[in-house]
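Trainee: So the chains spell out like this:
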Amino acid sequence: MNPVSDLGAIGYLLFWGLTAVAAGIFLYRGVQLLRYISLGRGNGQATPGIRRGLAAIFNIIVQECQWKNLTHRDRAGVGHAFMFWGFILFVIYYFLFIVIASGFGIYETMEHNSFYVVYAWITDIIAPFIVIGAVWCILRRYIGRPKRLEGQLTWEALIILITVLIHPITHVGKIAAQIAAGSPPAGLSLATPPLSTAVANLYDGATSIEAWHAAWFWSHWVFVLLVLAIIGYTRYLHVIVAIINDLIRSAPPKGMVSLIDLKNPATFGVSRVDNFTQRDLLDIQACVVCGYCQENCPANLTEKPLNPLLIVRDVKANLLSNAPVLLKKQEPSLELIGGEREGSISEDAIWACTTCGACMEVCPVYIEHVPKIVEMRRDLVQMRAKFPEELLNLFENSEQRSNPWGIAPADRAKWAANIDAQPFEADKTEYLFYVGCAGAFDSRERHVSLAITRILDAAGVSWGILGREEKCCGDSLRRLGNEFVYDRMARENIAQFQEMGITKIITECPHCFSTLKNDYRQYGMELDVVHHTEFINRLLKEGRLKLNGGSNGLGNVVFHDSCYLGRHNEIYQAPREAVAAVTGKAPTEMERHHNKALCCGAGGGRMWMEESLGKRINIARVEEALKEAPATICVSCPYCMVMFEDGLKDKDADERVQVLDLAEIVAGALE
Amino acid sequence: MLVVACVKQVPDTTQVMIDPETGTLIREGVPFIVNPFDTHALEESLRLKDKYGFRVAAISMGPPNTEVTLKKALSLGADEVVLLSDRVFGGADTLATSRVLAEAVRRLGEKDEVFMVICGKQTIDGDTAQVGPGIASRLGYSQLTLVDQISDVDLRAKTVVVRRKLEGRHEIVEARLPAVLTVVREINRPRYPTVPMRLMSEEAEVILWDNKVMQLDEETIGLRGSPTQVRRIFSPERVKGEILGDGLNKPEEAAHILIDNLLERDIISL
Ligand code: SF4
Ligand code: SF4
Chain A
1 MNPVSDLGAI GYLLFWGLTA VAAGIFLYRG VQLLRYISLG RGNGQATPGI RRGLAAIFNI
61 IVQECQWKNL THRDRAGVGH AFMFWGFILF VIYYFLFIVI ASGFGIYETM EHNSFYVVYA
121 WITDIIAPFI VIGAVWCILR RYIGRPKRLE GQLTWEALII LITVLIHPIT HVGKIAAQIA
181 AGSPPAGLSL ATPPLSTAVA NLYDGATSIE AWHAAWFWSH WVFVLLVLAI IGYTRYLHVI
241 VAIINDLIRS APPKGMVSLI DLKNPATFGV SRVDNFTQRD LLDIQACVVC GYCQENCPAN
301 LTEKPLNPLL IVRDVKANLL SNAPVLLKKQ EPSLELIGGE REGSISEDAI WACTTCGACM
361 EVCPVYIEHV PKIVEMRRDL VQMRAKFPEE LLNLFENSEQ RSNPWGIAPA DRAKWAANID
421 AQPFEADKTE YLFYVGCAGA FDSRERHVSL AITRILDAAG VSWGILGREE KCCGDSLRRL
481 GNEFVYDRMA RENIAQFQEM GITKIITECP HCFSTLKNDY RQYGMELDVV HHTEFINRLL
541 KEGRLKLNGG SNGLGNVVFH DSCYLGRHNE IYQAPREAVA AVTGKAPTEM ERHHNKALCC
601 GAGGGRMWME ESLGKRINIA RVEEALKEAP ATICVSCPYC MVMFEDGLKD KDADERVQVL
661 DLAEIVAGAL E
Chain B
1 MLVVACVKQV PDTTQVMIDP ETGTLIREGV PFIVNPFDTH ALEESLRLKD KYGFRVAAIS
61 MGPPNTEVTL KKALSLGADE VVLLSDRVFG GADTLATSRV LAEAVRRLGE KDEVFMVICG
121 KQTIDGDTAQ VGPGIASRLG YSQLTLVDQI SDVDLRAKTV VVRRKLEGRH EIVEARLPAV
181 LTVVREINRP RYPTVPMRLM SEEAEVILWD NKVMQLDEET IGLRGSPTQV RRIFSPERVK
241 GEILGDGLNK PEEAAHILID NLLERDIISL
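Same order as they appear, the protein sequences are chains A and B. Sequence positions in the first sequence follow my numbering and run 1 to 671. Sequence positions in the second sequence follow my numbering and run 1 to 270.
Treat the hints as calculated values from the structure; they're not laboratory data. In this text, a Cβ means the ideal position worked out from N, Cα and C, and glycines have one as well.
To be clear about the criterion: a stretch of chain A counts as covered by chain B if any three or more of its residues have a C-beta under 8 Å from a C-beta of chain B, and this derived list gives those stretches:
1) 262-270
2) 370-384
3) 399-411
One chain only, chain A, in its complex shape (with noise of 0.2 Å):
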């Protein structure tokens, strides 16, 4: 029985009529939505390749498989793995068995056999698991109320949960009053699916089994094709965009910002929403609202008025309030920065960034938050030169004297003035020790330098510095938005690492760690960087250094990550290990560490800026540290250490609890 057929020519208009109109508004939809992306500017990425493609299908599919790439710690996963598999399993029983099938009036050949029966058994299999887990989720979100979700409950959001849920009853209704009129016919062999043969006893005795069956029918199509009409208007649109962006999502390091091209103002920074790139334009489409990204932000976390996830609507408010002016060639009216309404982002938001990264780690669907800041950044510091006035002794600084604090050049090397420290020799030394600013010029962080160097003798690795000719790598210009400045600084020591043969560097810093080995890369300049942390658990390895087993007073170790060691190049286990091998037990954990770990809110440049709106980030992180009754803070990076010092002395906890880098650590228990 085919309730489009049974109509005649009306039931075939019907269908095809209704199906194109919703097909011609998720079109419509989709071609103005391509549109509004495509005035953004082109980034110069490559299409990727079909391995790419395939390799994030596959991402996916293994993650939908375990149930958890969307929750990391909740488990709203589970309800999104049932509706995600059922989808798809619908997706297909709609072209087969609806379009093709109803709509062709080829009814017979498709549903008379045993392929249709097994398909009508998945089906039947799946229904139940796509209601329990809309009901899941409507649960979850609307009952259970998960912090992450603060601010954000919308009607949207259940209005697509209703709508998944209706589908499959309607469709079990439909297979129901099927079975009942005796189709599929009998005799196929195969008993027809449980559930549905449960409902169809239901209709024992009702006369007009085919009426159900139409009713069904076609409530059932409306509801699909109204779903395909929404897509485009909802947050349905992840399903689809969510995949681009696994495609397209950048390598690591995530959040790379793109060089500027002197020649083109275009790409100097973003003031208006076609600035951006399409990518960014692109990516912002797919964001469902779960709130991770706000429950991770250390600046949402300390009442800064900073939300990641409101960046991302703020955002897509704009292009889509402006798009149509734009489109027209013709200035929009509502401004991307510093506005009051929806769609607009106040300096204050753009500044209180530290690019740790935690909100595209957790952002399910791989939107790409940081190179959006530090493009509105760099265009107020660029293109406006409007910036907390703090940086402006940091930009001169940096560009006059190569370091943040515009401390003579010439007293570069005075940290290794006791020491027999080498320069740099292309034949004689196997590794650049790079120091870095805060461990050249930072009193307290020449002490780690120190100790790297008691390390490095130690395991006889032969290494050189570059002393009163080491400049700055740039990080925090860069991550200012102070792009040219960067831009100089990065050459300039390309060129020098090129001139001396440089091209094996330890780093003291995670920040020069990360610049000097993604950063660079976009320069052409293949380095092998390695932070002392990886280094240093290498030696350790290697059998190299010889440690004393003893307890050297450290107590329990507390283990913070750096989010550029982290998160930014995934160097996790490293420094753990390190700690291990020293204590004889693993470093203890926070409440939130490795991935989820929470900045000590001096990246992305805020070391050099007040802090002066909400709580401080560096306190919020001291408390979840002294949670653990710690009497040594383990940190592998310069900001942390000055970080979580001041964070210790504002608690009163500084005699109790010492930080101390990595290398100190494992310098003091050398034998």
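Dock chain B with the ligands against chain A, hints included.
Mentor: Relative to chain A, chain B with the ligands alone:
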């Protein structure tokens, strides 16, 4: 309506060392910067431009590489920059320098009426603080030194009211325009150049005035026109202190040693 900012390119003195034998500065490899006080002079000129619509000209006397400094002025928003460079200007003391700068201001004034000349209160290499007043004397302009605030400019009456920062007090002065102002650092916070302005300034041409243009009597400028000459530069002898105590590991003990020592020498008292 013109404001002229005088800027000087100086060696970054924090990085300069003195050759003990010859008693001259070792300038090799030392980067040049804009004299920090002059960045405030330029900034104040630019603020007057923003507020009253003046044109701003930046002038500098120095060797050809001073172009960099003038380009920086352009990138910050100066409308016109003039480099005063000629062999015969070299070796000038403050008198000879002020003659050249004053002549440049006079020439600029032929095209556009000069209201103010703004200089930094002194340079960090010469530290004389005489050039600004020298220009005022040569030109017969009012002279306002150590200004930390321009309170008012009356374009009709051609007067200016400024606040001078003197030791322990402020002085509010009104003067006739045109005037030469020398400014202290507190007067403002310099701005930062935008990238398009930097790129523009890199392309821009710096106008060069040598003595063919300036036509000054060579007896009055440069080394020959300078009644003062530097005989010797030296760092005062300093006896190197000794490190007392172990401040790193026993800060409290070290603090006590320090206090005792200061007391002993009568530098502090209880
Ligand atoms: S990078 Fe960190 S601070 Fe910036 S928005 Fe993301 S989570 Fe927040
Ligand atoms: S940006 Fe990503 S993590 Fe944040 S709410 Fe949207 S989908 Fe969730």
